Amino acid sequence: MIMSENMKKGFIGPIGDDLPSIIAIVLALAIFFSSITFAFNIYNQKLENLNLLKGAIEVSRTLTVEGLMPQNAADIPLDKAKVVASSYGLDFEVFYDQGTGVSCTNPSSVVFNHVVATWDGDSDNIALENMYICIWR
Amino acid sequence: MKFNKKSKGQGAIADALFFLMICAAASTLLFHMAGLYGSSTNEQILSIYNYEYAGNTLISLHYAKDSDGNWFWIELKNELEKDIDDALDYLEDNAQIWNKIQSSSPTSLIYLCFHRNENQVGCYPEDPSSLNLRAYTASIRMDEKWTAVIKLYY
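As given, the protein sequences belong to chains A and B, one line each in that order.
The opening residue of the first sequence carries number 1 in the numbering used here; numbering runs sequentially from there.
The opening residue of the second sequence carries number 1 in the numbering used here; numbering runs sequentially from there.
Calculated directly from the structure, the hints in this document are not laboratory data.
The structure presented is a predicted model; accordingly, all values stated were derived computationally and were not measured.
Virtual Cβ for every residue (Gly too), placed ideally from N, Cα, C.
Among the hints, a few may not be true.
Stated by the list, open to error - Once the Cα atoms are required to be at most 30 Å apart in a straight line, the calculated DSS-like pairs of lysine-lysine come out as:
no. : chain 1 : residue 1 : chain 2 : residue 2
1   : A       : K46       : A       : K82
2   : A       : K54       : A       : K80
3   : B       : K100      : B       : K77
4   : A       : K80       : A       : K46
5   : B       : K145      : B       : K65
6   : B       : K145      : B       : K82
7   : B       : K65       : B       : K82
8   : A       : K82       : B       : K77
9   : A       : K80       : B       : K77
10  : A       : K80       : B       : K100
11  : B       : K100      : B       : K65
12  : A       : K54       : B       : K82
Stated by the list, open to error - Under 8 Å between C-beta atoms, here's a sample of chain B residues computed to sit facing chain A:
no. : residue
13  : F31
14  : Y53
15  : Y63
16  : E81
17  : I84
18  : E92
19  : T107
20  : I110
Claimed, not checked - Only some residues are given here: those of chain A computed to face chain B with a beta carbon under 8 Å:
no. : residue
21  : K54
22  : R61
23  : V83
24  : V84
25  : S87
26  : D91
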């Protein structure tokens with residue numbers, strides 16, 4: 001029996017012969033591009049967290065620069081801190097420790113606390129309080 | 001035996017496997033770098049917070065009043081002029097001030113230390129400086145001889 005040139009044993013075709021290598025190449029490319037996407041997402045997430053921390057430090061510093069705070073947390077001057085927070089795209093709240101621990105409005109807040117001296121206008125009535133600052137995006 | 005010049009080897013598969021190996025190595029490197037990114041900056045920002053906490057603690061002590069209604073910082077300076085032990089006893093007698101600071105501190109290892117002419121002479125509570133701990137400090141010069149230092153250990 002005469003076999004034609006093309007009918008050699010084990011010969012599938014021009015693409016068929018390359019099929020195993022194509023599968024491996026496609027798999028390699030899929031792994032590589034998905035890892036690039038994953039790494040890029042991680043990078044963006046970490047950058048956002050770092051900006052949040054950096055902004056939170058600036059807001060905390062602006063609030064505590066005065067040293068002497070009003071005894072009522074609602075009277076704490078927040079204007080400068082609001083300007084700093086808005087430049088970072090953040091929001092925040094400030095309260096004194098009431099003995100119940102930290103309870104921020106936004107559960108994903110960064111919390112910084114500082115000891116501050118509070119004053120009600122009478123120089124004999126100065127108390128140290130633990131001031132919590134909750135900052136979130 | 002006649003050698004068939006048209007016979008093909010499996011070189012393409014070997015090349016593809018090498019390519020797969022290289023891509024796997026590159027992906028591993030990418031994951032590693034993504035995990036490491038920002039960790040040192042994160043640490044630096046938290047360090048800044050610790051230094052600021054120590055500084056704000058010193059500022060609040062300047063405004064504090066002791067149990068007799070006297071300015072805490074002035075009385076502390078007066079006690080230091082007598083002796084370091086008198087100053088430490090004064091701090092012990094007004095422990096409510098230090099307890100407030102300690103309860104709000106980010107670390108339980110917070111100390112108020114006194115340096116005389118650059119040498120540490122005493123701390124309240126007793127300073128574990130013999131332990132190999134990372135320290136964050138803020139200091140203020142009280143007068144020509146004395147410097148007060150707040151130390152936070154981690």
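The hints, checked one at a time:
no.: 1; hint: K46/A - K82/A; result: 24 Å, holds
no.: 2; hint: K54/A - K80/A; result: 16 Å, holds
no.: 3; hint: K100/B - K77/B; result: 21 Å, holds
no.: 4; hint: K80/A - K46/A; result: 27 Å, holds
no.: 5; hint: K145/B - K65/B; result: 23 Å, holds
no.: 6; hint: K145/B - K82/B; result: 12 Å, holds
no.: 7; hint: K65/B - K82/B; result: 20 Å, holds
no.: 8; hint: K82/A - K77/B; result: 38 Å, violated
no.: 9; hint: K80/A - K77/B; result: 34 Å, violated
no.: 10; hint: K80/A - K100/B; result: 28 Å, holds
no.: 11; hint: K100/B - K65/B; result: 13 Å, holds
no.: 12; hint: K54/A - K82/B; result: 44 Å, violated
no.: 13; hint: F31; result: 6 Å, holds
no.: 14; hint: Y53; result: 6 Å, holds
no.: 15; hint: Y63; result: 3 Å, holds
no.: 16; hint: E81; result: 24 Å, violated
no.: 17; hint: I84; result: 24 Å, violated
no.: 18; hint: E92; result: 17 Å, violated
no.: 19; hint: T107; result: 12 Å, violated
no.: 20; hint: I110; result: 10 Å, violated
no.: 21; hint: K54; result: 6 Å, holds
no.: 22; hint: R61; result: 6 Å, holds
no.: 23; hint: V83; result: 19 Å, violated
no.: 24; hint: V84; result: 14 Å, violated
no.: 25; hint: S87; result: 17 Å, violated
no.: 26; hint: D91; result: 19 Å, violated
Hints 8, 9, 12, 16, 17, 18, 19, 20, 23, 24, 25, 26 from the list above are not met by this structure, while the remaining hints are.
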